[in-house]
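Enquirer: Work the whole structure out from these sequences, hints included.
Just so you know, the sequences run in chain order A and B. If you count the first sequence from 1, position 80 lands on 80 in this note's numbering, and the numbers rise without skipping. If you count the second sequence from 1, position 168 lands on 168 in this note's numbering, and the numbers rise without skipping.
These are computed hints drawn from the structure, not numbers from a lab.
Heads up, incomplete: computed chain B residues facing chain A, CB under 10 Å, no partners named:
id, residue
1, 50
2, 71
3, 81
4, 83
5, 87
6, 90
7, 96
8, 99
9, 152
As the structure is a prediction and not an experimental result, all values here were calculated from the model. Even glycine gets a Cβ: it sits at the ideal position worked out from N, Cα and C.
The chain contents come next:
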Amino acid sequence: MDSTQLIAIFGSILLQSAPLIIAVCGETISERAGVINLSLDGSLLLSALAGFAAALLTGSLLLGFLAAAAVGAVFALIVAFGSLHLRQNQVAIGFVLAMLGDSLSAFLGQNYTRLPGPSVPAWHIPLLKDIPVLGPILFRQDAVVYFALLLVGATWWFLFRTRAGLELRSAGERPEAAFTRGVAVRKLRYIYAVLGGALVGIAGAAYSLDVKIGWAEGHTRGMGWIALAIVIFGGWSPLRGALGAVLFGATKALATVLQRSFPQVALVAFNAVPWLLMILVLVLVSGRLAAPLLARAPAALRRPLRGLLQAAPPAALGQPLDDN
Amino acid sequence: MQVQLNTIHKQFGSLVANDEISVQFEPGRIYGLLGENGAGKSTLMKILSGYQQPDRGEIVLNGAAQHFASPRQALAAGVGMLYQEPLDVPVFTVLENFLLGRAHDGERPQQSAKALTQLAGRYGFQVDPHEHTRELSMGERQQLELLRLLAGGAEVLILDEPTTGISAEQKDLLFASMRTLAREEGKTLILVSHKLDEVQELCDYAYVLRKGRLVGGVQLPCPNQELVDLMFDELAPRPARRQPASGDVLLHLQHITVRTPRLELEPVSLQLQAGQVLGLAGLEGSGQELLLRACAGLLPLSGGSLRLGGQPQPDWDYPRARQHGVAYLAAGRLEEGLIAGLTLTEHMALVSNAHGLLVDWPQNRQLAAQHIATYQVVGQPESYIENLSGGNQQRFLFAMLPQNLKLILMEHPTRGLDIRSTDWIWEQLDQRRAQGTAIIFLSADLDEIAARSDQIAVFSGGRLLRSVPAAETTADELGHLIGGAL
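Expert: This is the structure in structure tokens:
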């Protein structure tokens, strides 16, 4: 395998990971505000169908992505309304919606199965595409990949550098404290849950219009659960989350390569590799093993390292704010 | 800023928390708001600080009537409240907590950090803006909240039980800053407390609430008895302490050490006689918790030996401790002692030693009712434990203790309880003591330690600093011992 091939593989891994990165960013925003949207798997499927169908019928990719975003936003709105207004369990609502989205997409998508349709064109960025190694990997992609990469940076910046981000995190960590300081907790949770859901919808369309073009029953099945797992793996940080998504894509690619070399081993065994690797990484970076590692790090690096390695879920994740 | 509360009325269901209360607070003075648990102090202050809205009545600041829909509106009008447990976000940095909810448009983070440290310096507080709030002690978090309220423009400051869980030094610093704020900056301060000594020490005037009503206002200082008479209908005189039974040595610790990731307990040797009370004093996390948990068998000894009733106990653990008549009451009543979601009857069934497949519900219900009567718990056998007040939860925990214990180990036995419940609990303990039960307890309340112990052990930084007979020391001396050890 020469270097051109390797670069092509890296480029394809990034493309394959792009929808996952978008979905992880969306769910991270929602969970940071305290709303856990467990419907991801169903909402990815339904929005993938909606995006494909809308783009096919109107001939507009933009309308396709907007339709998908709307489907994702509506799913998130149902979760938010059910938990924030009706005070039902977020996990239960999300779980039911996940199954609903799956079945509904299979039912509604019957007439769209295996049709040729529009897809996002490649868009090479002038100048940047000629940078050796990085150019072909990062800048000979399409709008979806650029959007995913920009979204990661924008989400991180918004969460950790802006005042609105501070208020968002406070709503997910300690809503009572946020309330006493004048943060409109419930309103924020609605806004960010719906925004996160819309991003998940865009991720769905990113599959059906770009990464895995077209529609068939169960088109993206499983990816929603994977995204939820990666949010946890990412420690509720968009940077670590994106890294997790790419790592997941890379190990999947590796599994494919390995499978070719060892045909006697069952494919399912290789499919388990990404998960084993994730568990291994989690064990390595968190808990007892991280502490001695941190103790040995230079003092100046300790604070940022701790921030990167140690992660806990938002303290009020899934909990309602008690009205008085 | 002058504050007037006019005929404030607030009702929760059938419970009248505030019954037409009218009080007035003048600038430049420190007020005490006294009352036992459930007297309506917190409700009144939550109304003044915008956390809750009154059913009737009005809030008047400097002659202008106000309506607060939220704590933020109250702070914008100049009223800030420091809650008993500081309402901050533990995972945020100090600076993030300082900035959250504060108007700081166009201010750079460095500028905000500088403003924070400057403000802190004015009151003798030390803050590192980039430290994580969860690493701070309770006292430091409180200081941060106070600074945040001041930076937000608070002219009226309400402090709800601020000395619970903070060190003697931090308390002195807090009181000094409260005096500065009132005397030099002309702010209006309100201290909500049930500790009479603190109110006497700090406040100029005290309002006393009882059962939702204002029962009086008293110029301070005044005799404690006057305040107690106002706070309680009638208080049974505290019975004289029974003499410690000079029994045999019950517990003998020789050079025991305990190791945890956070703290190591250096070798401790102690003897405890049957019927004796040992009080453990020290700042939170000084090692006294480790000793207590090791005695309960919840933490393994990393060295030394433990003898109970003369018998060496090489493999000491919690089940063994229970078998030998050792009981342990944790500080977190609802977290470790009781089970939220279960009724009192179900708790009785759980601790009964019955083994059958089916639970004898009528019998357990009867047992629960019996304990409710004997231990004067306000509740029903069908009540869920989390709906009981803290004092009643503690009473029920005592009700569940088996008879004929050899040793009772307790963390903060009366934390958050009013005088009546506190006295009642110690009365119960005294009875058990007279029967030969030894007691080891730790408490942040030095008065409690000084008054209730026979022997006092002072801890600092994982070391047993000194062990003294209670008769030879006072709470003040203990405070200096703990503070000086820093």
